[in-house]
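Asker: Following the hints, complete the assembly by docking chain B with the ligands onto the known chain A.
Sequence order for the protein chains is A and B.
Throughout the first sequence, residue numbering follows the numbering used here, covering 1 to 347 in sequence.
Throughout the second sequence, residue numbering follows the numbering used here, covering 1 to 326 in sequence.
To be clear, the hints were calculated from the coordinates, so they are not data collected in a lab.
Quick caveat: nothing in here was measured; it's all calculated off a predicted structure.
Incorrect hints may have been included.
What the hints assert, rightly or not - BS3-like, lysine-lysine: derived pairs with alpha carbons at most 27 Å apart:
hint: 1; chain 1: B; residue 1: K42; chain 2: A; residue 2: K266
hint: 2; chain 1: B; residue 1: K309; chain 2: A; residue 2: K44
hint: 3; chain 1: A; residue 1: K44; chain 2: B; residue 2: K302
hint: 4; chain 1: B; residue 1: K252; chain 2: B; residue 2: K302
hint: 5; chain 1: A; residue 1: K266; chain 2: B; residue 2: K221
So you can see what is in the structure, the chains are spelled out below.
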Amino acid sequence: MRETATKKGSLEGFSREEVLNMLRRMLFYRRFEEKAEEGYAIGKIGGFCHLHIGQEAAAEGCIGPLREDDYVVSAYREHTQALAKGMDARHVMAELYGRSAGSSAGKGGSMHIFGTEQAFMGGHGIVGAQVPLATGMGWAIKYRGEDRVAMCFMGDAAVNQGAFHESLNMAAVWELPVIYVVENNEYGMGTAFHRVSATRVEDRSVAYGIPSSAVNGQDVLEVWRHFQELVGQVREGGGPRFVEVRTYRFRGHSMSDPVSGTYRSKDEVTERTERDDPITLLRDRLFEAELLTQEELNSLDQEVRAEVQEAVDFADSAPFPDPSELYTHVYSCINEHGRLFFDGRDR
Amino acid sequence: MAEITYRDALNQALAEEMERDDSVFLMGEEVAEYDGAYKVSKGLLDRFGELRVVDSPISELGFAGLGVGAAMVGLRPIIEFMTFNFSLLALDQVINSAAKMLYMTGGQINIPMVFRGPSGAALQLAAQHSQAAETWYVHAPGIKVVTPATPADAKGLMKAAIRDDDPVAVMEGELLYNVRGEVPEGDHVIPLGLADVKREGGDVSIITHGKTVHLALQAAKRLEKEGIEAEVLDLRSLRPLDVDAILATVRKTNRAVYLEEGWPYVGVGAQVAATIQEEAFDDLDAPVLRVTQADVPMPYAKNLEQLAKPNAERVIAACKRVLYRT
Ligand SMILES: Cc1ncc(C[n+]2csc(CCOP(=O)(O)OP(=O)(O)O)c2C)c(N)n1
Ligand SMILES: [Mg+2]
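Chain B with its partners taken away, still in its complex shape:
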């Protein structure tokens, strides 16, 4: 196994799938000549040519819709959003066209495409450039959502997303692109809908997805020093959601904290908490708590931004609360 960055893992996945299937193409702002705003598509233009790696104008609604149209007639587009913040402009095509097409055509037309790019906050980019987009997407039946946290997951989930016959949003993280990790060589595909226990523990479950997996692991390490063994369950895929894995960890620890970057209201944690109380009520020894971004638009000022983001202290405090160890 080679140790590579998250960025290179995505790059490999894109290259391998484009090699495998010539109906796959990549379109988005700066993806070709500039190698992608975050260099994820580095070298792909040289390798696959300008018909398959395409610089778009700044027309998110237009090129997302173009992708859906191309998918309606058999291509397998990968549409890159420079960041998912800008995909809000394209949400009409994502939800009203891509997600609903199969249903409203009575099964005639499926949409095998990928929307991808970084989601969530980076550093001091303020309100319009710092938001987690998961909830906007996962809310709509008809679209699937994955959120890889490690290089291996990035590669495996990207490949699965490209091969999937439905629209899949692959939400990456700006602050994850330089993360290094071991990635299996060759055709490494991770089926959608499988969560992954990133750390085992018997006292409390920290359930999370995407970038905050790393925060959960930090918190777990610190809890260990206080004699608390936290299990970290990385959902990896938000829809399909691995409910079995969620129930299994709750049955093991009887206590759960959901950690996410997004806002709390109708967030992913809200869905997971609802699922837990519906299907594992008797296994719970405490209410499910959530640690999220503060329920405000992201402020610019450094000190306020730090307060707004979820941090290890708040995860630790939530874990102790469900353990009644405050």
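Okay, chain A solo, but in the shape it has when bound:
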């Protein structure tokens, strides 16, 4: 049984304002991705586009307790995490649209959102590849004697990659300030986790002596509270942490895959979507605690939709990259001697 309002005007120790902000931001992530879905359907967005719908509490609750200068690294299902880290929705949407105003100048697309100003370090397309990268950021933090934290998101399927295990061992040996977060949505594409995994996600860090925990990833307050504590421990030099965030993907693996299929039934998706929506869950608790009315929610949603629409309009009116951009960003410095490019197009 969860407690409801602990004292008047608050919820489980969070002030009304804090909780409303969480709700607002999660709504924002949801509306943003619904627009991405739309953009994909009408061909404005192409390639692979993986939505985080249903998993928003992980973006909000994990990243919320971080400081602005803490690093966040993720995989390809990263739009909402980029937004949670403070990236401008207009630039993220423009990246999905492949426009020059996009956060990666239109070169990266949905899977490669990066925002160094917000310490959002991607946006990586190879399953598990971001795990050593986050470990390296942890290394750099320790090397420079900073008190930052690196947070590494990955899907459940990534824990079967060698790079994951190698990274955890190194992080433990060198006591690096990294929080490894597995968003366990139960499936890697069309494969249920347990079909290809010998042990539970939660057990995966035990062999390396990294403290492990699990949270209900649909309950943003629980996630937030848990991560607030962990971030504090890691920042104070407690070494790496490992967390399983239990969640569920409401959409298909990517926009090119069906929502359900042979690997999970329609009924399962319907049931989980109805039962476990992190936004509805929070909304209902706010209603219950009489901290929010339907009218207030409606106007919140209107605001959010308007903001998302602005991002879409910005993206849609932004120009495509100039053709000359094809050859920029391959190297950061062009050397005085020797030839760097071999397709003969510069001659």
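Answerer: What follows is chain B with the ligands alone, placed relative to chain A:
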């Protein structure tokens, strides 16, 4: 002859070879219950059971190495990479184990296995998901590489690859799976190392492999309207390489353009151009030119991606240049 898709041709080859030899098994991500990410292994789980059609975890280095180990003791694994992009994770096992095993064991242990999956760019998948893997593989002695462009070649080369006693990489194309074509029924096997003239012509040779065979044919058709007859030579197999066929077409047309999806530096075209100048220098009337992907990682933006990929205009321009008809 039945007209079927490239996907179904591969599926037939896998099924027939698994039927023929029970030491052949298929392992990879999503190959069993999901029928393969691109549905190439459709129905194989039902037909051959879960011992022989196996869903792996996302552990490319691990399951590629597992395949090599199983091959060391006599099985004939087919390891599917969901795409060859992800095989970069497994390259250590491909090169250091599979390709070198026979040599470093002084001939004691051969590796009869297949690595397969789509290679090269699809549409707007950006840098990490859009790369041609041929060069990474073909560079290493000890491994063979084939790149079927048509359904008939897909079936024939896959069957030959599975029967070969060395490691063979079969590089397919995501954008080829729906291509239809006639495929001979029954035991259709195409020996490795045989190129195929996909179109005859006497003025210029477009030499290519894999998906870009179709682009070469398009370019040839357009050149025909301008009175230029291009011959299109599909290498089909990059190692063993049909040098005789390359020399024959160069001796016929005296001009060659290499077309490929990959990057130029040390690409397949670089090897072919070197071979031509070493062995047919006197037959050349112009330098061998190459049309490749732009020498950059693949961009996401639609307009930049189009610029980065080889296209018919650039093939036509290269053909005209070697004909001095610009
Ligand atoms: C090394 C590698 N292998 C395969 C893929 C193809 N692929 C992309 S996502 C994915 C499933 C990953 O599942 P999970 O880690 O659970 O993350 P989720 O998509 O559920 O967020 C696969 C197999 C890839 N991108 N990289
Ligand atoms: Mg998952």
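Asker: Evaluate each hint against the coordinates.
Answerer: Going down the list of hints, with the structure as the test:
no. : hint            : in the structure
1   : B:K42 x A:K266  : holds, 22 Å
2   : B:K309 x A:K44  : holds, 20 Å
3   : A:K44 x B:K302  : holds, 10 Å
4   : B:K252 x B:K302 : violated, 39 Å
5   : A:K266 x B:K221 : violated, 48 Å
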